[in-house]
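Same order as they appear, the protein sequences are chains A and B.
Its first residue numbered 1, the first sequence is counted upward by one per residue in full-length UniProt numbering.
Its first residue numbered 1, the second sequence is counted upward by one per residue in full-length UniProt numbering.
Read the hints as simulated data drawn from the structure, not as lab findings.
Keep in mind the model is a prediction, meaning the values are calculated, not measured.
The beta carbon of each residue, even a glycine, is placed where N, CA and C say it ideally should be.
Careful: at least some of the hints might be erroneous.
Facing chain A, a subset of chain B residues (Cβ under 10 Å, in silico) [as the list claims (entries may be wrong)]: (1) E19; (2) E22; (3) H26; (4) E50; (5) F53; (6) K56.
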Amino acid sequence: MNKRVVITGMGIYSCIGTNLEEVRQSLFEGKSGIVVDADRLDFGFKSPLTGMVPAPDLKKVLSRRQRISMGEESEYAYMATLEALHNAALSEADMLQREVGILYGNDSVSKAIVDATDIAREKKDTQLIGSGAIFKSMNSTVTMNLATIFGLSGVNMTISAACASGSHAIGLGFMFIQQGLQDLIICGGAQEINPYAMASFDGLGVFATDIDHPESASRPFDKRRTGLVPSGGAATVILESYESAMERGAPILAEVLGYGFSSNGGHISTPNIDGPAKAMRRALEQAGIKPEEVDYINAHATSTPIGDANEAKAIMEVFGSRPYVSSTKSMTGHECWMAGASEIVYATLMMQHGFIAPTINLEEPDDDIKELNFVSSTITQEFDIYLSNSFGFGGTNSAVVVKKFNHE
Amino acid sequence: MNKVSIHQKINEILVEEFEVDEDVIHPNALLKESLDLDSLDYVDLVVIIESNFGVKLVEADFAEMVTFQDFYDVVERKIAAKD
């Protein structure tokens, strides 16, 4: 018999706020976190637009040994996880007594690799790179750092699946707990923010170019979009078995009902319709619900014409035009490896507080997708079930269904 | 660079980079125990000495660096040899 999987904590460190309350407010107000990073122009970027987060000051809370192994993605993940653990009423002592796991999405450590390589090239001596570099220079840097800091003894691995990494991490955490293999898992996604991480992506010419109006540059589904805006930070979701949450007397924020996945098996960067539709159908099947029970869809919303159009068509195919659809990427930019996790946090915040955040800057949808029930200004609306889409390069797709919690 | 300024600089580095409490630094105190050094920390000692003094510590040097005074002596010797 499958176990029920609930969310008992969330934490967020993003360009629209560095805690849940700030982010809730930004989502409700439709506030953009996009800025111009002048350094990117010097670096040769076509677009200097990006989401930006403050560098966390960890000197007072972590030792030198702990900090020197952490790149920025691990620092952001640490901040998000601290908030999530607090939110879940999990103390350090609880963490050591229980078997807690970690499954976190991350798919690059560009700055750490460039920095280490620069030293080796200059000094011609690998020993002068320093002891922390190797632990910063692996995709699993977030999970290796957080598992060490928090003394975790359960499942411990990183999920690398491009812009669906964070979503798959939550989906896999759901499966581990559903099958009774774990009771508590720290899930999430992290994304570094620096020119090295995004230079080659910028080189594809797919980033938004409206430098004079950063706040309106990210405009998924809109006819006047000029591309996507990169961003980053980290988001953590504490997944727990219902039994464990009840036994601890933990706050239950929502219930994960289903996880769907698929691979397009086609072009490396151009998404199709069938793959995402298959992931959404599988998520519904896992959840044991009908399409009409989903009230809101937090779209992946690549912000490229073909990506937006194909996702919209897949949604139409599976759900028709009834559910509300919006993209928080219009405010946050594309948080890439983090996005699948942060968008679960954003949509859960909306569900908790009875509103649907808008796709800001959506003034006129493309002609062939107009039928979707797009939300372009905040709606005050209670809802019970949402689905969150995340897709990535290589045709990886993930869809997660989450429900407002009740004990029945 | 004279002995006093080398000592001072090493102490400053240990306080700043290794976040060591100034009180634990004493010429006769044991280096490994006072700084709670593990194998990774030795790599970082190599890095900070190289970047601050332009000389490189090698594994054999650590064998004779029992106290802080030994540490100062090794660095002084290497700087003198370089100059």
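Starting from the hint list further up, note which numbers the structure goes against and sort them upward. 2, 3, 5
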